[in-house]
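Residue numbers (the numbering used here), protein chains in the order written: chain R, 4 to 281; chain B, 4 to 281.
Bear in mind the hints are in silico, worked out from the structure with no lab data behind them. Treat each hint with caution, since some may be false.
Same chains, same names: a pair is fine if it fits in one copy or spans any two.
Stated by the list, open to error - In the DMTMM-like style, the derived pairs of lysine to aspartate or glutamate whose C-alpha atoms are separated by at most 25 Å in a straight line are:
hint	residue 1	residue 2
1	Lys268	Asp92
2	Lys274	Asp64
3	Lys260	Glu87
4	Lys260	Asp221
5	Lys133	Glu98
6	Lys260	Asp125
7	Lys11	Glu98
8	Lys260	Asp225
9	Lys15	Asp271
10	Lys260	Glu33
11	Lys11	Glu172
12	Lys133	Asp221
13	Lys63	Asp235
14	Lys268	Glu173
15	Lys260	Asp245
16	Lys260	Glu82
17	Lys63	Glu279
18	Lys274	Asp92
All of these numbers come straight from a predicted model, not from anything done at the bench.
2 protein chains.
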Amino acid sequence: MRTPENIKDFSKLCIHTQTNRPWDLRRCVEEYHRAGVAGISVWRHLLEDITPREADRILKDHGMDVVSLVRGGFFTSVERARRELAIEDNLMAIEQAATIGAPLLVLVCGSDPGQSLEVSRDQIREGILKILPAAESEGVKLAIEPLHPMYAADRSAISTLSQANDMAEEINSVFLGVAVDVYHLWWDPLLQQEIGRCGEMGKLFAYHVCDWNVPLNDILNDRGLMGDGCIDLGQIRGWMEDAGFEGYREVEVFSDKYWAMDQVKYLDRIKRAYLEHS
Amino acid sequence: MRTPENIKDFSKLCIHTQTNRPWDLRRCVEEYHRAGVAGISVWRHLLEDITPREADRILKDHGMDVVSLVRGGFFTSVERARRELAIEDNLMAIEQAATIGAPLLVLVCGSDPGQSLEVSRDQIREGILKILPAAESEGVKLAIEPLHPMYAADRSAISTLSQANDMAEEINSVFLGVAVDVYHLWWDPLLQQEIGRCGEMGKLFAYHVCDWNVPLNDILNDRGLMGDGCIDLGQIRGWMEDAGFEGYREVEVFSDKYWAMDQVKYLDRIKRAYLEHS
């Protein structure tokens, strides 16, 4: 049974531009707009061929609601020079976010296999503290996104919601919170509890959805669309809502399979998956 | 600097036959024996072309110390008939373990993407309870091996040492403990604490070593040899010893790269990696 057209509600649907990787920013905006999708999270590399000001105009002209800029972070390195570059890059990201009207910068915090996870976490903490003043003065919030433990060696030394909550609690700024991504966290037996804790702290800043394919064919680019895999999205959404989250459900799917599809048809499929499974 | 020959100590080195996958059981035993390695963990498929009694003779004739039989478990399924088959298969594995003198059966507990992790865990608990009497009467211990969260959907609904400890504590049999594998657990911020807890319960039954390659090219068969990757094996070994563990360090490496090598040369490399990095 298809839901009747008139009760379809896309008001909480946001799409990450990377979900439609073949498209540039203008194309994403035009297509999302045509499809009745107002929420967009913008990936930074799309701002390389266009000024943030032009990007802002395109977004505003189509009435888009910019949910976040993705992604800052990567604070970790065995080399001091690279850590300093990361700070500069994050400051630039905060500026870009402010220019395109993104209220949030998502942080993939980084990890370096050449040092311990503890050292990486110290560098993450230090990095966040260094960029927080700029975030506060620009009015851009920061969200720590814990990544799946399979990325612990080289992408994020923060692997669980519990760790992200701990760090956000310790740093204790209203400008620092957490992004919950079902792909990274679905397996965690403490997920419900930590979502509740994060909500109580007022730090549930973003909610990313997709699905976990079985079997998993690629460690990076084999994410499923909601309904393709084994994640109980209804259950996790319930936990988010119980914790007071009222924001967008952001579709963030990296998938060689879907990137090879006609993206207009794929967008229709995203909308259906959103309604039926998210 | 090479360590002088006369102080090389391989008395705690055990190798999983799957590490040398190209070899059958006889070849593994002969080569390990020639190399001065007495510890062996036997993978069950090697018992398909040989009777357990013949296997036992080969192992005894070469003075091998059988550390474990690998692997039982896989208790989970949406289908009752498959769960019942799993029980039968585990009972057979316990019998095989007893016949070849293996004091331990390692359990990869299973997961089924068609049901929730909670239901899978209930089935695991139920399965263990069903096979425990046979394990006790045969004198074969069982070890729950938590698997990395990237296998949560289809291989193990038990992803952390904390969960394995909880289940072993709850079932509360001296015949049920835990296998710690660095590949699955190295990223966990609670690892030291949970190793200590497991030791206090007297349930540290096995210790598996290898390394985590960066980048990881394959979700199953791209494990590193100790020293290849980013795991701080010295630190984890220290935690194991502090917790009272005095058993073997079992080398368990699934690697398309190493399986393609001359296995005799590879065995030499395993011994070197064991001495220098485990």
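Going down the list of hints, with the structure as the test:
no.	hint	in the structure
1	Lys268 <-> Asp92	neither (35 Å within a copy, 47 Å between copies)
2	Lys274 <-> Asp64	within (22 Å within a copy, 66 Å between copies)
3	Lys260 <-> Glu87	neither (37 Å within a copy, 37 Å between copies)
4	Lys260 <-> Asp221	both (11 Å within a copy, 18 Å between copies)
5	Lys133 <-> Glu98	within (15 Å within a copy, 61 Å between copies)
6	Lys260 <-> Asp125	neither (37 Å within a copy, 35 Å between copies)
7	Lys11 <-> Glu98	neither (36 Å within a copy, 59 Å between copies)
8	Lys260 <-> Asp225	both (7 Å within a copy, 23 Å between copies)
9	Lys15 <-> Asp271	within (16 Å within a copy, 59 Å between copies)
10	Lys260 <-> Glu33	within (23 Å within a copy, 47 Å between copies)
11	Lys11 <-> Glu172	neither (38 Å within a copy, 49 Å between copies)
12	Lys133 <-> Asp221	neither (35 Å within a copy, 36 Å between copies)
13	Lys63 <-> Asp235	neither (35 Å within a copy, 50 Å between copies)
14	Lys268 <-> Glu173	neither (45 Å within a copy, 51 Å between copies)
15	Lys260 <-> Asp245	neither (34 Å within a copy, 48 Å between copies)
16	Lys260 <-> Glu82	neither (36 Å within a copy, 30 Å between copies)
17	Lys63 <-> Glu279	neither (29 Å within a copy, 60 Å between copies)
18	Lys274 <-> Asp92	neither (34 Å within a copy, 45 Å between copies)
Checked against the numbered hints given earlier, the structure breaks hints 1, 3, 6, 7, 11, 12, 13, 14, 15, 16, 17, 18 and satisfies all the rest.
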